[in-house]
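First to last, the protein sequences are chains W and B. The first sequence lines up with residues 29 to 402 when you count with my numbering. The second sequence lines up with residues 780 to 943 when you count with my numbering.
Calculated from the structure, these hints are not laboratory results. Computed from a predicted structure; not experimentally measured. One thing to keep in mind: the hints can contain errors.
If you anchor each label on the Cβ, the simulated ranges turn out as follows [said to hold, decoys possible]: (1) B:I799 / W:A351: 49 to 59 Å; (2) W:G314 / B:R828: 39 to 49 Å; (3) B:I799 / W:G138: 28 to 38 Å.
From the three backbone atoms N, C-alpha and C, an ideal C-beta is built for every residue, glycine too.
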Amino acid sequence: MLLRCGESLIFRCFRKIIVLVFSGVLMLSATNASAAGGGHDEDGKFNAGDVIIGHILDSYDWHIMDIGSTPVSIPLPVLLMYEGRFYFFLSSRFHHGHIAYKGFGIAREGPKKGRIVKVLDEELTPDPQASFLLDLSITKNVFSVFISGFLICVIFISVGRRYQRGGSQEVPRGLQSFLEPIILFVRDEIALSAIGEKHHQRFLPYLLTLFFFIFFNNLLGLVPFFPGGANVTGNISVTLVLALFTFFTTQLFSTKGYWTHIFNTPGVPVWLKLPLPLMPIIEIVGVFIKPFVLMVRLFANITAGHMIILGFVSLIFVLGSVASVMGFVISPLSLVFLVFMNFIELLVAFLQAYVFTLFSALFFGMAVPEEHHH
Amino acid sequence: MELVSPGLGLIFWMTLAFGIVLLVLRKYAWRPILNTIREREMYISKSLRDAQHIQRELAALEMVKETKLKEAEKLRLELLAQARNEADDIIRLARQKASADVTQMMEDAKRAVEAQRKSVINEIRGQIALLSIDMAEKVLEGELKNKKASADLVNQLLDKVILN
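Generate coordinates for the entire structure from the input sequences, incorporating the hints supplied.
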């Protein structure tokens, strides 16, 4: 009964969000279309590069839209630690990066562009003598991770409860019957086939969490408005953390067989190991390359997808700023490509979650090798 | 460069969030889900095994039924044959007894008829004798003088008639 209440509450929330979003879309279409994205040069011309990069990168506020030339965004909390002191305030204090607050500002140029730095003046000149600044702000991506993490928890805990209540002899219903094939897919096609019968159960919770976390965030990234739209899985920090989780799990569970395989690879001629330990060096480098490749693959795939979709959107405005007729002419074509790309991205969302999870499982399988015959 | 340089804050929060999600889901989602699915799979395979077992048992029972049926059929035929024999015997005996009875009855009847015939003959003889005497008396009353000689003559004549 409580669960049902919770579910209906979630649905009601969803409905509210959808209504909000659609009213937002209507407002957006009522305003000057070329103002969308906020990527304008000083002379007011549309700059597609800025728009795309602005959407892909993390930011301190959640930009929703521009009305006229006024950006509408959700301010997010900024949490800084500098020289032993904590600073906590909302990112709206920066006025979208135009002014400094308490000696901090968002850098406009340099290697730290877009990040909060210690500034010298109102011109936001970075302080060259500034000591280490720990920036633990709840940025757009952090917030999005929280939302998706919460969503995943709510969904799977409710499904888990239904399993617990129904027992083994109840037919799956609703969300449960939708998710069960995917769970079984991860278990049978990924964990079982890559790790093997003996050890796969130990890694299943991690692999399932990993798969659904990536999958959900990929999908949320495709939703163009508020609760979605953040480029979470296309952010190098996020994929780095996921890759590190896989890396440390691999090392943590590694058995003697794994290290034997690295330092004394079976089935390889001796001259590749002695006197020059060529194979061990390659294998050790491989240990670190594997998670690195995981990190880059997911990041690059998702970022590229976002870039292409944003590129097609920007195309309309780029041509529209040359001549409005061209904007109108290109928009149907652009729309066709957009729809097509969105379908491709739906596939990619699943595929990349699958690939990341599969490779993680393969690495675990290497860490806990079963008796095999060389 | 910002695109590919990781931010410390995001790494921190991401690690925290993902770690929490992992731990929470492991305890409250994956454990019940995977356990239930495993239980269900075991239940299904057990049910399949049971079904096969039952099928085999049924087949065996079917065989037993067939043999029992055949035996019963044989027994039935035997019993029928035996019953028929017994019935034949009974009928034969009854017939024999009936014919014996009939013979006995016929003989009794014959004897009774014989006895009756004899008594009737005797009676008739007596009657005839009386009748003859009466007739002779009336005939001779007027015509014969010797009454006694006439009666003897008539008796002699009657003896001849009966003996003939």
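How the hints compare with the structure:
1. B:I799 / W:A351: 49 to 59 Å: Holds: the Cβ-Cβ distance is about 52 Å, inside 49 to 59 Å.
2. W:G314 / B:R828: 39 to 49 Å: Given range 39 to 49 Å: holds, Cβ gap about 45 Å.
3. B:I799 / W:G138: 28 to 38 Å: Once the Cβ atoms are compared, 35 Å apart, the range 28 to 38 Å for W:G138 and B:I799 holds.
Every hint from the earlier list agrees with this structure, and none is contradicted.
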